[in-house]
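Asks: Those protein sequences? They're chains A and B, same order as listed. The first sequence: position 59 = 59 (this note's numbering), numbered continuously. Quick note, this note's numbering runs 1000 ahead of the 1-based positions in the second sequence.
Any given hint could be a false lead.
Unchecked claim - Here are the simulated BS3-like cross-link-like pairs (lysine-lysine), alpha carbons at most 30 Å apart as the crow flies: (1) B/Lys1043 - A/Lys42; (2) B/Lys1076 - A/Lys103; (3) A/Lys45 - B/Lys1059; (4) A/Lys42 - A/Lys103; (5) A/Lys107 - B/Lys1065; (6) B/Lys1065 - A/Lys42; (7) B/Lys1043 - A/Lys103; (8) A/Lys42 - B/Lys1059; (9) A/Lys39 - B/Lys1043; (10) A/Lys45 - B/Lys1043; (11) B/Lys1043 - A/Lys107; (12) B/Lys1076 - A/Lys107; (13) B/Lys1059 - A/Lys107.
Hints were generated in silico from the structure; no laboratory data involved.
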Amino acid sequence: DIQMTQAPSSLSASVGDRVTITCRASQSISTDLNWYQQKVGKAPKLLIFGASSLQSGVPSRFSGSGSGTEFTLTISSLQPEDFATYYCHQSYTTPYPFGQGTKLEIK
Amino acid sequence: EVQLVASGGGLVQPGGSLRLSCAASGFTFSHYWMHWVRQAPGKGLEWVANINPDGSQRKYVDSVKGRFTISRDNDKNSVYLQMDSLGVEDTAVYFCARPSVAGIYWYYDLWGRGTLVTVSS
């Protein structure tokens, strides 16, 4: 099975900062990689699909890149509402694992 | 309104069973695959199972194979997760999720609110 590894597991940052979260797949998944944001007590929300396509309605400060086994999610200028947990998710093959999550906290 | 409403969670003893339901509305349910994803308390997301539109194809994560069964009733716009031989490791919030397709990609664009399953004696 494909394993997904995210880094870092937690991150402290300030409003206005640029942050990058990485996700590594244990084998190539082409660009079948999605990014979700989850706030406490809520269902996840799609940010990026196909590694780099911005979901409709998601602010342009979010961007994704990568292919094969290495992927990144970048938030160009953190806003207060961006403090949440972020998950990568491979949609290439079952069992469709998620990364372990990156908790983004206010510094 | 386009939505998924999950229900059926609760407290169950180890070795027990529970059936989760997820009712869909606002879209043509019979056209979509459906998935279950779970999240243990304070932990990350774990894909559990999926089912194709006519119910003829089902896949499971290894940890639930042989214990969980996903099914659907397109007349009732509902997907189900029958959970048997439950263990404490199955304690989680269970989400139903609808995948949508854009070109060659698929992703979850609609999630239910989640229903909590607690396995404890």
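Asks: So, for every hint listed, does it hold in this structure?
Replies: Hint check results:
1. Pair hint B/Lys1043 plus A/Lys42 holds up; C-alpha atoms about 13 Å apart against a cutoff of 30 Å.
2. Straight-line distance between C-alpha atoms of B/Lys1076 and A/Lys103 comes to about 38 Å, which puts the hinted pair past the 30 Å bound.
3. Note on A/Lys45 and B/Lys1059: the hinted pairing holds, with a Cα-Cα distance of about 23 Å set against a maximum of 30 Å.
4. For the hint linking A/Lys42 to A/Lys103, the alpha-carbon distance of about 14 Å falls within 30 Å, and the restraint holds.
5. Of the pairs offered as hints, the one joining A/Lys107 and B/Lys1065 is violated, with about 42 Å between alpha carbons and a cut-off of 30 Å exceeded.
6. For the hint pairing B/Lys1065 with A/Lys42, the CA-to-CA distance comes to about 27 Å; that is within 30 Å, so the pair holds.
7. Proposed proximity of B/Lys1043 and A/Lys103 is supported: the alpha carbons are some 11 Å apart, at most 30 Å.
8. Note on A/Lys42 and B/Lys1059: the hinted pairing holds, with a Cα-Cα distance of about 25 Å set against a maximum of 30 Å.
9. Using a Cα cut-off of 30 Å, the hinted pair A/Lys39 and B/Lys1043 holds, with the two alpha carbons roughly 13 Å apart.
10. For a cut-off of 30 Å, the pair hint linking A/Lys45 to B/Lys1043 stands: about 17 Å separates their Cα positions.
11. With a CA separation close to 22 Å, the supplied pair B/Lys1043 and A/Lys107 stays within the 30 Å bound.
12. Of the supplied pair hints, the one linking B/Lys1076 and A/Lys107 is violated, its CA atoms being roughly 48 Å apart against a limit of 30 Å.
13. For the hint linking B/Lys1059 to A/Lys107, the alpha-carbon distance of about 42 Å lies beyond 30 Å, and the restraint is violated.
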